[in-house]
Amino acid sequence: MMSRLSWPTALRVPGRVWVIGAPWFWLALFFILPFLFVLKISLSEAVLAQPPYLDWVREVEDGMVLIQLNFGNYLMLWEDSLYLAALWGSFKVAAISTLICLLIGYPMAYAIALAPNHWRMPLLMLIILPFWTSFLIRVYAWMGILKDNGLINQVLMGMGLISEPLQILHTPVAVYIGVVYSYLPFLVLPLYATLIRLDNTLLEAAADLGCRPWKQFLTITLPQSVPGILAGSMLVFIPVMGEFVIPDLLGGPDTLMIGKLMWTEFFSNKDWPLASALASVLLVVLIIPFVLMRHYEQKTADNLG
Amino acid sequence: MLKRYPLLIVMLILGYLFLYMPIVSLVIYSFNESRLVTVWSGFSTKWYVELFNNKPLLNAAATSIKIAALNATAAIVLGTLAALALVRFRQSRGHKSLGVMVTAPLVMPEVIIGLSLLLLFVAMEDLIGWPQGRGLTTILLAHITFSMAYVTVVVQSRLAHMDRSIEEAALDLGAKPLKVFFTITLPMIAPSLLAGWLLAFTLSLDDLVIASFVSGPGSTTLPMVVYSSVRLGVSPEINALATIIIAIVSTAVLIAGVIMYRQEMNKQKRL
Amino acid sequence: MPQHRPAPNDNPWAASDEEPIVRVENVTKTFGNTYAVDDISLNIHRGEFFSLLGASGCGKTTLLRMLGGFETPTSGRIFIDGQDVTHVPPYERPINMMFQSYALFPHMTVAQNIAFGLKQDRMPSLHIRERVSEMMALVQIEKLANRKPHQLSGGQRQRVALARALAKHPKILLLDEPLGALDKKLREQTQFELVNIQERLGITFIVVTHDQEEAMTMSSRIALMHEGRIEQVDTPRRMYEFPISRYAAGFIGSVNLFHGHVVEHNNDMVLIRSDEAGADLLVHHSQPLLSGMEITVAVRPEKIIVREQRNDEPNHLHGVIQEIAYLGDVSIYHIELASGKRVQFTQSNVQALAEQPLTWGQEVALSWNPYSCGVLSQ
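Chains as they are written, first to last, in this note's numbering: chain A, 1015 to 1319; chain B, 1041 to 1311; chain C, 148 to 525.
Hints are computed from structural coordinates only; laboratory data are not their basis. Idealized CB from N, CA, C, for every residue including glycine. Each hint should be verified, as a subset may be incorrect.
Stated by the list, open to error - Here's a subset of chain B near chain A, in silico, CB distances under 10 Å, partners left out:
1) L1042
2) L1052
3) L1059
4) V1117
5) L1118
6) L1218
7) T1242
8) G1297
Generate the whole structure from the sequences, applying the supplied hints.
What follows is the structure in structure tokens.
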């Protein structure tokens, strides 16, 4: 009942408008409005100018306004197989990495949740700590480990397992390693938060009714943690879809991902309209996982609330 | 409980090895004499000396720290307001849309944020003449936008777990709402404000992609310098820089961790 | 009229000329489609120890929060000491509240907690110090002045919360389940302390509780609430002896209910025919009732007496003992009547071992006095 109680009108400080208004307008101005410009520019034509696009609403002369929409960018995305391949590449990397993150992260989160009280905080801190050191530098660290004369190859050769260095850096494998490494904490933390609040007596009740530990996990723990799994997975999946740094530094020339392509179109080819069209497509693609994430986040919040 | 599942313990240890191996290797090789990063040829601190003679890198670091501090301060204000609005004003107009707008930057790919903000800044300059060109201001505005989302999450969870009747008691004893906020609410959420500030600071210091889109000439940040040197291959100087960053961060997190650990243990003792 | 406990002004609610300290006029509070409080009117008088009693979700907390100013009524008005406070915020009301969770400020010491309200009034610090030590003496926590809330036990926190709420000498003190978080022993002891403090300070106390025993022990009057409405307002004794509805009869104590219809009503005595009871029932009742009217007779278990012989006069029932529960001070018996209806009665265990104890399967005759039962029309 308490949750339904509201501030009475007498307490509604005039500041209330500011409290909600200030962050609202900031985000509307600097987060939502920019997307409209992305849409707008994606429909314009690239030119050699500053800025390098032709506005499609132009005043020609005497108050005459010319509107000239250009769908060429989207047409190009559809016709040139490069872009669809990049979209597919991003999807593949994001989906597979999310799955690997789950396979590594779930046991870790579960182990921490099961650990003795005084161990949990330090173990969690150890998960968060790498997240606080620079992302760029952690990706860079893998370059040193994966390259031809890097740590892994030296160890393997030293053990006599291989005679020639393996090419790992600048291959898809390196991209997967980098993504899983960078995004693992994003999955472990929400999973831990879900698992720690599960009622332990349910497991005891199951055990009491003759359920074996492995089966207890499958029938009690796992189903109850599904909202946490889905929310955490989207937390990895969505940003990886647009990832640039990891495929750029660890991937090879054949690593096609949409974020990297956008970067190239924008910085190397100076094609702002095409980059905008790519961004728009990515944005639309990401709406479904985002809605899923919100849904399951709210669900976990309600369950725990 | 955990003791009964040896397999889980093994996976946990392997997980931590995976998380820390790259960081440890960076630290070790930063003291390597040789330029060939992976061949150990003796202990040396010469890369640290070179790092501190690298003027462009130091300038970029100073720029980054300045932006990060300003960003964190602004983000903590906006983020706290947003958290208050989300936790306290559930019936208000705009509550739901604010919730969506605050969650989205957490997962939105940086390339999209960067590009869209650049296009906004270009259009704004064209329309109202501000912000003039691109540089520190535009980077700062961009960083505040995504940092405040993170701050909101941190402060929000603290606010949501706070006993509302404590604030009501203060109102009941005659304190006006604004006074209640400053004498009761703020001291109670202070740890989360500090955590939020540090998080916003780190996020800003770390951002390469968004800053690359919205920066202009003369506003090169540290990640941009690191990126251009890393692209050319592994460089021992960057190892040294990484080690310094890791040392600072671990010390800070360790101190915070010990404080939080003690508080947590105290709380449990009381229960 | 029977009195609960001797106090300087025994039943201020009976003196109709005095302005009540709290006047609730047709107050309704809705949350969405649910009526938390449904058209309640209520007067509470100076110096009362008034309880809002009811099961969880009955609206008692919402009503208390409206008195404190934390909720605004959807409709209706609230007067305190003659002043309309319906839209006055909590920080401007001459009322203080003791919260269920105690709501102590975790970052302040005990003394700072108690001083908080006084500081808001910009009282000189010398006076504040005086008042704080006076309050700490009142609730016997002088030694805890410099402790933080997390260093206190549950009972100590409760005392700090009480001292903090009393420090400003409010006209009314609201208490939300004041003893809810204490264990049974401490609760019983604290009940009497609360009553003592209230009598000493003469402040009007309004308590929300779900515990009928607590309400019976402490209150001058009780308002029993049910589904957002007030079922009955009365002294504890009248509430128990003369409940006006089946809900009220059942909520406080146990009760046997017999359905029947009125046969005749004269000289304040009603004769009721009940098939359930298997006998005619005679009840003292002064309000006129129409013949043939459907009605319920309520009899408390301890009012029933066991008779040796069968007798066919009114208020004499016959049945077989089905269950016996020995509780130490009393025993509870369940009797099954010929109609299948079960009747409960209690007997105090006066002797260590009665000579001829009642036993399972035994046939017994029961009866009660027409003055120790009541009729319920709702």
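Now the hints, each set against the structure:
no.: 1; hint: L1042; result: holds, 4 Å
no.: 2; hint: L1052; result: holds, 4 Å
no.: 3; hint: L1059; result: holds, 5 Å
no.: 4; hint: V1117; result: holds, 8 Å
no.: 5; hint: L1118; result: holds, 5 Å
no.: 6; hint: L1218; result: holds, 7 Å
no.: 7; hint: T1242; result: holds, 6 Å
no.: 8; hint: G1297; result: holds, 5 Å
Of the hints listed earlier, there is not a single one the structure fails to meet.
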